[in-house]
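Protein chains in written order, with full-length UniProt numbering: chain A, 1 to 102; chain B, 1 to 102.
Accuracy of the hints is not assured; some may be wrong.
Because identical chains cannot be distinguished in the list, a pair is counted as satisfied if it fits within a single copy or across any two copies.
Stated by the list, open to error - Using 25 Å as the maximum straight-line C-alpha spacing, the simulated SDA-like pairs for lysine to any residue come out as follows: (1) K19 <-> M50; (2) K83 <-> S93; (3) K20 <-> K56; (4) K19 <-> P73; (5) K65 <-> G41.
Since the hints were derived computationally from the structure, they do not count as laboratory data.
There are 2 protein chains.
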Amino acid sequence: MDYTTMCPKYEAAVDVLGKKWTGLIIRVLLGGPKRFKDIKGQIADMSDKMLTDRMKELESQGIVKRTVFPEMPVRIEYELTEKGHNLQPVIESIQAWGENWM
Amino acid sequence: MDYTTMCPKYEAAVDVLGKKWTGLIIRVLLGGPKRFKDIKGQIADMSDKMLTDRMKELESQGIVKRTVFPEMPVRIEYELTEKGHNLQPVIESIQAWGENWM
């Protein structure tokens, strides 16, 4: 890997992943499709508005897919797309580093 | 890996890595010891104050080591500690994801 010059694709990836809560949300979704309250239940101190905003961003970036099930009452689930699932090595390497050094 | 509950060590790691500029600074330092201006030279749009603040944080977190060479004029270099070097798999997995998806 070339560390002598910054890579725009790396910068763009860091920009996505470096947003507050995003690293936590993606970790939760690696556990499979989740409803809003289930995501929120794993992440302390995150407001509804913040989670709503982040999920919209992640959806527009093609990382998360939102599915509406036309039941009564309506059920909405969030899951990772292929692009989102491909973040698993990132999340796992952060987890490994955290276990060693935090 | 257990995705059903959040891990405090993972949260702490994300808290360190998710700060703006940190992911870029660590990538630069994986290229070896650097002077302030060399780090800044690879990262567009980051102010001197922001880099100074981040380097102090990373030093206090034991991720970066600052060495003063008593020359004239004095020379200051920043390098990754073992804790910092151990972030290489994280940086490389972000790079790989960025190359595939950004």
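*Which of the stated hints cannot be reconciled with the structure, identified by number in ascending sequence?*
Hint 4 alone not satisfied by this model.
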